[in-house]
Amino acid sequence: MIASATGLATSESRERAFEEIVGRDTERLCALARSILRDEGEAQDAVQETLVKAWRSWDSLSRSDHTSRWLTRVCVNHCISRRRYLRSRGWPPLDLLERAGSAGNDGSSVPIKDVDLDGAYRKLSLKQRAAITITFGHGYSVDECAALMGCRPGTVRTHVARGLATLRKELGDA
Amino acid sequence: MPDIDSPLDTRLQSFFEEIKAQGLPGQLAAFKPATARAGRRMLNLFAGAAGIAVVAAGVAVFAVELNGHHDVGSLIPGGQSSSSSIVGPTPPFRPSVPTDAHGVKVLIPVTYGTGPKTLPTVVLGPNEALGYEYGCISDHPTTVATTMALVANRVFDTSGSWSNFLVDGCSNPKGASAGSEMSNGGAGILNRQIYRPTTTPAPLQSTISLRVKTEASVNWVVLVYEFPSTSAWVVVPPIPTSTTSSSPAPSLAPGVAPPGATVLVPLTYGTGPATLPTFTWAANDMLYIADGCGSGSVGDTVTFAGDNSTFDGDFVNGQCSGPVTLDGGSGTSGGAGGPVSLTVKAGASLKWAVFIYEAPPGLLGPAP
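Just so you know, the sequences run in chain order Y and B. Under numbering that gives the first Met the number 0, the letters of the first sequence match residues 0 to 173, in that order. Under numbering that gives the first Met the number 0, the letters of the second sequence match residues 0 to 367, in that order.
Hints were generated in silico from the structure; no laboratory data involved. Treat the hints with care, as some may be off.
Calculated pairs, EDC-like style, for lysine to aspartate or glutamate (alpha carbon to alpha carbon, straight line, at most 16 angstroms) [as the list claims (entries may be wrong)]: (1) Y:Lys-168 - Y:Asp-117; (2) Y:Lys-122 - Y:Asp-64; (3) Y:Lys-122 - Y:Asp-58; (4) B:Lys-344 - B:Asp-284; (5) B:Lys-19 - Y:Asp-64; (6) B:Lys-19 - Y:Glu-39; (7) B:Lys-19 - Y:Asp-113; (8) Y:Lys-112 - B:Glu-16; (9) Y:Lys-112 - B:Glu-17; (10) B:Lys-116 - Y:Asp-113; (11) Y:Lys-168 - B:Asp-8; (12) B:Lys-19 - Y:Glu-169.
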C-alpha cells in the first residue's frame, strides 16, 4: 500500500514536471512547426508527436540539461521528414496538397498578411523552410541549425542560400 | 544568422513574427501526459491492428443526389443526424451502421459539413472497437485533386508513429455519378474503416478527439460508432456457400461491379495458394482487382501475380491479420489486352478473396 502511494506520488510529480516543460516549449515548437510546414493540422500533429515522444522518453529526458534542444530537434525532424512519413502511411495526395498550398493559402493554415511572401515561401522545400525558419525566424546560428537538422553547417548554408534565391526570384528580387 | 538583403530580411522577420503570434492551439494547450499514456494503452489494442486497419468493404450502390441536400433524417436507431448548411454538391452517399452489427452505439451521428472541422469528442467504451464512415465531394474537376482525412487526436500506435490518418480522394459530381462503392482510399468513394482491438483487450474507456481535415471547399459527411470488439464483423448479405475454400467462408462482402463494368472473375474465396481462371482483358480497359485476406498474422501477405506480358504486375495485400475484408479494387491501366492468368501466392492457411472487373477508361474515374 505504501509502495502504491509512493508510486502514485512519483507518477504525479513526473507528470507535473513534464507539463512544466510542455508549457514552456510547446508554443515555441508550434510556431516552428507552423513556419516549416505551413499547415495548421500538420503542425499540430508534428508538435503532438514530439510531445508524445518526449513523454515516452521522459525518464531519461528529465535528467538532461538540454530538454528544449531535444524537443526542438525532434520537432524539426518530424517536420522535415513529414512527407516521407505520410507517404509511408498512405497519404498519396500530399504532393497535390503542397501544390495547392504553393499557390497560396489553402485554408489549412492561418492567413499571413504578406500573401506574396507566404506563397513564395511555400514553394521552398521543407529543408529549405526549416533552415530559414531556424536561422532567421528563431535566431539560431548556422551551427546550431545544423545540429537541429542533423546535417552539416555547409548543408544548412546551401539550403538557406537556395531558399532565399527562390524567394527573391518569386518576389521579383524583393 | 546569414546576412540577407534588408527588404527581404524585414519581410521574413515580420512573416515569422506573425506566425509566432498565432499562439497555442487549444488541443495542444490541453495536452496531458496521462492522455498520451491512455492512448498508448488503447493503441496496444489498436497497435496489433495498426497495420490491420480492418477495412470492412462491401460493394454497394448508393443513390446519387447531386447539387442538393440529402434528407438527413437518421437511419440509425437512437442516432441523430446533423447537417450544417453546405453549398455545392452533397456527398452522394449516406453512411450507416451495418444493419446486422450487434451492439452498435452511434458516437457521432451522420454529420454533413464543409471544410476543416473539429468533431465532438467521443468516448470509446471498454472493449469497444471504433467504426468510421466518411466521404467527401467537391467541384474539383478531378477526383484526386481534393482529399479528406478523419484525424484522431490520439496516438493509435505503440510504435511511436501515427496511424490515425484515414484518407480519401474526394469525389466530384462526374466521378460520383459513375457509381459509388465502399472502399478504402478509392476516389469518389464512401469509406468505412474499423479499428478493432485484435491482440490485446481494451479494458478501459478512452476519450478521442476527431477532426476532419480537408480543403475549405470540400463538402463531407461522417458517421462514427462503436461496437463490441469481441463481436464478429458481419456483412450483409450472408456469405455464399459455394466457395473454393474448404474452410468456413470468410466474412466478406459480395462483389458487385459498378454500372458499366464487366465482371471478369466473380467474387471467389479461397485458402492458400491457387490459380485463378484465365480471363481476357479488353484492350485499353481499366482493370480493377478487389482483393482481401485474413486469418493470418501481422506481416502475412497474399499476392495476386500475373504471369505473362499482358499482365505482369503483382497486387499484394498485407492486411491479412484480421477478418477477411475486400478492398475497393486497385485499378491498372489497360494495354494491348489479352488473356490473363493470375496466381494466388499465400500461406497454406491464409484465407483470401478476390473480385476482378474491367471498365472503359474514364468510366470510373482515375485508377485508385
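Evaluation of the provided hints:
Between the alpha carbons of Lys-168 of chain Y and Asp-117 of chain Y the distance comes to roughly 14 angstroms, so the proposed pair stays at or under 16 angstroms and holds. The hinted pair formed by Lys-122 of chain Y and Asp-64 of chain Y fails the criterion: a straight-line CA distance of about 37 angstroms is larger than 16 angstroms. Straight-line distance between C-alpha atoms of Lys-122 of chain Y and Asp-58 of chain Y comes to about 40 angstroms, which puts the hinted pair past the 16 angstroms bound. With a CA separation close to 25 angstroms, the supplied pair Lys-344 of chain B and Asp-284 of chain B exceeds the 16 angstroms bound.
Distance check on the hinted pair: Lys-19 of chain B and Asp-64 of chain Y sit about 25 angstroms apart at the alpha-carbon level, beyond 16 angstroms; violated. With a CA separation close to 13 angstroms, the supplied pair Lys-19 of chain B and Glu-39 of chain Y stays within the 16 angstroms bound. Distance check on the hinted pair: Lys-19 of chain B and Asp-113 of chain Y sit about 15 angstroms apart at the alpha-carbon level, within 16 angstroms; holds. With a CA separation close to 11 angstroms, the supplied pair Lys-112 of chain Y and Glu-16 of chain B stays within the 16 angstroms bound.
Distance hint between Lys-112 of chain Y and Glu-17 of chain B is fulfilled; the C-alpha atoms sit about 8 angstroms from each other, no more than 16 angstroms. Annotation: proposed proximity of Lys-116 of chain B to Asp-113 of chain Y is violated, straight-line Cα distance about 26 angstroms (limit 16 angstroms). Taking the CA atoms of Lys-168 of chain Y and Asp-8 of chain B, the gap is about 15 angstroms. The hint holds against a cut of 16 angstroms. Distance hint between Lys-19 of chain B and Glu-169 of chain Y is unfulfilled; the C-alpha atoms sit about 24 angstroms from each other, more than 16 angstroms.
The structure does not agree with the numbered hints 2, 3, 4, 5, 10 and 12 stated previously, though it agrees with the rest.
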